Every structure is written in structure tokens, then in C-alpha cells.
Amino acid sequence: MISNLSNSGKWVLYPKPKPWASRKLFCFPYAGGSSFMFRRWPEFLPEDVEVCPVELPGRGRRISEDPIDNLSELISSLAGSILPHLNKPFEFFGHSMGALISFELARYLKTKFDIEVSHLYVSAQSAPHLEREPKVTYNLPSEEFIEVLRSLNGMPDELLSNTEMMQIMLPILRADFAICETYQFTSGSPLNCSITAIGGAEDDKVEIAELYAWSELTTNKFSMIQIPGDHFFLLKSEQMLLSTMSGLLTKVSPFPGT
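Under my numbering, the final residue of the sequence shown carries the number 261; numbering is consecutive throughout.
Source of the hints: derived by calculation from the structure; they are not laboratory data.
Source: prediction; values computed, not measured.
Note that CB positions come from ideal geometry on N, CA and C, so glycine has one too.
No more than 27 angstroms apart at the CA atoms, straight line, and that leaves these computed lysine-lysine pairs for DSSO-like:
1. K91 with K21
2. K224 with K115
3. K13 with K113
4. K91 with K254
5. K91 with K113
Derived Cβ-Cβ restraints for the label pairs, each shown as a range:
6. P137 with R42: 33 to 41 angstroms
7. N165 with P22: 36 to 44 angstroms
8. L133 with Y111: 18 to 26 angstroms
9. E50 with S190: 38 to 46 angstroms
Could you put together the complete structure from these sequences and hints?
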């Protein structure tokens, strides 16, 4: 596996290193999010799982970097950087935009390197091959874009009303929204890993049928779970999600196809 190790260290974090762990769980944030949202995960997941949050450009310790607004470019850069970290069985968890990234990264690794993720956890995201109603908001004027953000109920009003903070956040959010809104699914071979789709019981952005459609993208087992909460249950129902993930990871084999 060839890559720039110093560069790869920017992408993958180890908040609680576990060199003895039998597998790794790479975690991908939603639009505007960072690795910080997974800071508590190592405390509540099984001891044999090493939690590895992925830090995208433009946030966290990479705040000085320009965010990437194209999914293909992001996947290409991320894949090359994550390769040195795939030294044991690994699983992906992604929430909303993070689910999209984790799915396309899994496909890329399988196609380009014949490396397969053991299990894919896709959270609060409709299956990517479904037809979507075209929607473009990432390039709206700032005031209109902020109102779009407000309607999603994922950011507190005090943050949305903080001009200085939003000057920092808007480029990141615009880039992430561009990734989601310009994404085009391309047909290909289904994954061989199991997929678990996780949805919020009160999420009005992703319907149950749209979650279930993930079952069409794998030749392996599929399961679906609902968590109390809206689209942002990852934060608002964090303890319930962590308890659920702990149970799922305890049952899951670390080897693909089993």
C-alpha cells in the first residue's frame, strides 16, 4: 500500500489508539461536520474496535485548508491517504453526507485496489441510486443559504446569527452541499459487504423506503434500524445511537462476506 504517510495522518485521526484492536471503524461526518462529533465514540464501543474519525479539509486541525467541493476529487484524495491505515479488517460509518462518502470510498477501494470494507453503516441518507429531485442551494446568496441551513434544524440559531463564525463555516458548508447536490450515481457492481441502514424515526428528510433501498447495493446481508430523533439523531440521540452501534459491532464479524 503506497501513500504519503504524513499526508494520510491529516485525514485519519486516532482519538484513543488501540494497537491491539482486531478491526477499525472509520467515521465520516455530515455536511459541515468534523471529527469532533465522534470524540465520545471510543468510550462506548467494543474494546476490539478502534474508532478512526476522518477529518475532511477545511475543518478541525485542517481549518487552514480549502474544503473540497467535488466528490470524485475527495474520494481520490481520501483513498490514497487512507490506504496505510487499512492494515486490519475495517468498517465504515457515515452520517448523511458521510454515508455518501463512505459508500463511494468503499466502491473506489474495491474497484481500484481490490480492498473490501467489512461492513458499511449508512446513517440518515437515502440510497444514492434513487432518483432525486434536483436541488441546488450551495451557491445561493449568504442570507438565503443561511435560511436553508436554519430550516434543517441542525445548527443552533446563535451560531447561524454569529456573523464571524458563519464567515468561517459558510465556505465549508457550501463545499459540502455542493458535494451532495452535484453528486451523480454511476452504476457498477454491488458491494460484497453487509450494509446496515440507520434512520431517525422522526426524520422527514429520509423516508423508510429510501433507507431500505440500500439493500439493492450489496450482495450480502442487509439490515435496517430506526433511532428516536430527526435527521440529526447522531447528536440529539447520541447515547441511543452509541448503544445501538455497540450492539451491532458486537454481533458483526470483522471479515468481509461473513
